[in-house]
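A.B. asks: From first to last, the protein sequence lines stand for chains A and B.
Using my numbering, read the first sequence as starting at 29 and increasing by one per residue.
Using my numbering, read the second sequence as starting at 2 and increasing by one per residue.
Some hints could be false.
Only pairs whose alpha carbons sit at most 20 Å apart, straight line, appear in this in silico PhoX-like list of lysine-lysine [what the hints assert, rightly or not]:
1) A:Lys135 with B:Lys197
2) A:Lys323 with A:Lys307
3) A:Lys61 with A:Lys307
4) B:Lys197 with B:Lys122
5) A:Lys124 with B:Lys131
6) A:Lys61 with A:Lys31
7) A:Lys171 with A:Lys124
8) A:Lys135 with B:Lys203
9) B:Lys184 with B:Lys131
10) B:Lys184 with A:Lys135
11) A:Lys107 with A:Lys151
12) A:Lys147 with B:Lys197
13) A:Lys107 with A:Lys31
14) B:Lys184 with A:Lys147
15) A:Lys124 with A:Lys135
16) A:Lys206 with A:Lys171
17) A:Lys107 with A:Lys65
18) A:Lys32 with A:Lys171
Note that these hints are calculated values from the structure, not bench results.
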Amino acid sequence: MAKKEYAFYPGCSSQAKSSAANYLTSVNTMCDKLDIKLTEIPDWNCCGASIGYAEGGELPRLAINARNFALAEQHLPGKDIVATCAACWLGARETKERLDHTSQLMKETNEALAAAGLKYEGKVNIRHMVEVLIEDLGYDAIKAPVVKPLEGLKIAGYVGCQTNRPFGIDGESFENPKYLDKFIEVLGGEPIEKYEQKVACCGGALAFSEPEKSQKQIRDIVESALDHQAELIVTPCPLCQANVEVYQSEINRKNGTKFAVPVVYYSQLMAVAYGSSAKDAGLNGQLIRTEALEKIANR
Amino acid sequence: MSDLNTQAVARYKNNFLREVEERVEEGDMVKMCMQCGVCAGSCPLGPHWQHSPQKIFMMIRAGKREEVLTSDSMWMCTSCYNCIVRCPRQLPITHIMHGLANYAHRLGIAPKGQPTREFAKTFWNNLIKKGRVNELTLTLAHYFANGIGPGIQIALNMQKIGLGMVLAGRLNPMEIFGGHSVKDLNGFHAVLAKAKEIEDRKKGFSA
Ligand code: SF4
Ligand code: SF4
Ligand code: SF4
Ligand code: SF4
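Let's have the full structure, built from the sequences with the hints guiding it.
C.D. replies: As structure tokens, this is what we get:
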């Protein structure tokens, strides 16, 4: 039996052939090595993301999140829900908080769920994968499987917004959360301690609708990492990952810059350090290839 | 001017604060603002906000209904939550901004063609169709929202990225024919319809 078991909420972006498919691959590899068992919530639906508000409104957004909770409670009783996407986690936690504290909204949400024969009992907990790693396993357990330390690799831990605010990870500050740096350290790499853009916002969904304004944010995030000679940026959030990686070429095209900093997930660092192949670490899913990690993986 | 808007004006007369309290998500917290100004410097796209959140709260109290609801500002919110963690009064500023944008959108008086408004609409419609987001049609729909000409120009600029994503296995060209979906789509739609019905009744959107 696996050491830890959870109800897994992958979210749209982590499905096969979606923008964060490589996140999913590396999370599966990482969990294998750490003896964590993830069982997908059967028939889960999208959380509505932060941008869902404008058309969706309040109750429809709460209700679709609660549908996932109800399915988890019914099919995977007693297991915490674990999300890998920062926005999914936030959307779900916000929903849970609001429902658990407002009986009127809870009642209305359950009225909506009843239309599909479902009921949310208010029992299930919502966690981010990073919380599971830190709180349920701990840094020593994260370190234990390391066989290929990321020696000499300078890595900027880009925490971004939504795993950091408003809830954040217990025991961390909003201004300077250290968990990504600690991950890098126990994996044998070198964190950039003074990364100014660590908790800056990449523009989120507005990268789509306000590309110029968001690309300015992204440029700062990449530039600041380069100022500290970082070879890689690591993030806990699929939208951050996509925004910061994908738009570098657009920024280059418009400004004549030559940015090409790889952006990876913490789970990819772990997969490589734990000795898995480049493929199992999802490194073939990078738009900006990360040769330094590939080299370690192929060693 | 939309009917819903005319009805709302008639109902609340000059009491815009009460309208916000009753109809905008988390709007009942607006009165807690003490105008300290901390939130005004928090927004990543700050220079593009004509009215900062602080100013918007002041305008709500001053009854500047039209100016607030037709403002472009709330649509600049990136959901970064900088403001929430700093506000000494713990106002759920992010949600109030979203709530105001949603309310103005539902009344039909939000700025026309506002790109984030358009994107948000496309996003939601995309997700409710199958219960999961189809990233390919989402991207296409967004780029082509302004018509075929500008759409093709943007698509050409972004083509390398799109192709790269396909090659890296992160965008599925087959999604255009369907793609990911929840199985109990009827149930999913029934939940949504019921939730919308209740919300519309509560917020005065249904007759
Ligand atoms: S946040 Fe994004 S990835 Fe997560 S479920 Fe919502 S839309 Fe899908
Ligand atoms: S950094 Fe960007 S993608 Fe990540 S949570 Fe913030 S807005 Fe979202
Ligand atoms: S930080 Fe809070 S109290 Fe201060 S102006 Fe903004 S909303 Fe009002
Ligand atoms: S969440 Fe929105 S309102 Fe708050 S600081 Fe960020 S952009 Fe501004």
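A.B. asks: Hint by hint, say whether it matches the structure.
C.D. replies: Hint check results:
1. Using a Cα cut-off of 20 Å, the hinted pair A:Lys135 and B:Lys197 holds, with the two alpha carbons roughly 14 Å apart.
2. Distance check on the hinted pair: A:Lys323 and A:Lys307 sit about 12 Å apart at the alpha-carbon level, within 20 Å; holds.
3. Restraint check: the Cα-Cα separation between A:Lys61 and A:Lys307 comes to about 15 Å, which is no more than 20 Å; the hinted pair holds.
4. Between B:Lys197 and B:Lys122 the CA atoms are separated by roughly 15 Å; this keeps the pair inside 20 Å, and the hint holds.
5. With a C-alpha separation of about 23 Å, the suggested pairing of A:Lys124 with B:Lys131 is violated against the 20 Å cut-off.
6. A distance of roughly 11 Å separates the Cα atoms of A:Lys61 and A:Lys31; the hinted pair therefore holds under the 20 Å criterion.
7. A threshold of 20 Å between alpha carbons decides the hint, and for A:Lys171 with A:Lys124 the separation of about 32 Å lies outside it, so the pair is violated.
8. A threshold of 20 Å between alpha carbons decides the hint, and for A:Lys135 with B:Lys203 the separation of about 13 Å falls inside it, so the pair holds.
9. Distance check on the hinted pair: B:Lys184 and B:Lys131 sit about 9 Å apart at the alpha-carbon level, within 20 Å; holds.
10. Under the criterion of a C-alpha separation no larger than 20 Å, the hint pairing B:Lys184 with A:Lys135 is inconsistent with the structure, at around 26 Å.
11. Distance hint between A:Lys107 and A:Lys151 is fulfilled; the C-alpha atoms sit about 10 Å from each other, no more than 20 Å.
12. About 17 Å separates the Cα atoms of A:Lys147 and B:Lys197, which keeps this hinted pair within 20 Å; it holds.
13. For the suggested pair A:Lys107 and A:Lys31, the alpha carbons sit about 13 Å apart, so the restraint of at most 20 Å is met.
14. With a C-alpha separation of about 18 Å, the suggested pairing of B:Lys184 with A:Lys147 holds against the 20 Å cut-off.
15. With a CA separation close to 13 Å, the supplied pair A:Lys124 and A:Lys135 stays within the 20 Å bound.
16. Between the alpha carbons of A:Lys206 and A:Lys171 the distance comes to roughly 16 Å, so the proposed pair stays at or under 20 Å and holds.
17. Pair hint A:Lys107 plus A:Lys65 holds up; C-alpha atoms about 11 Å apart against a cutoff of 20 Å.
18. At most 20 Å may separate the alpha-carbon atoms for a hinted pair to count; A:Lys32 and A:Lys171 meet this at roughly 17 Å.
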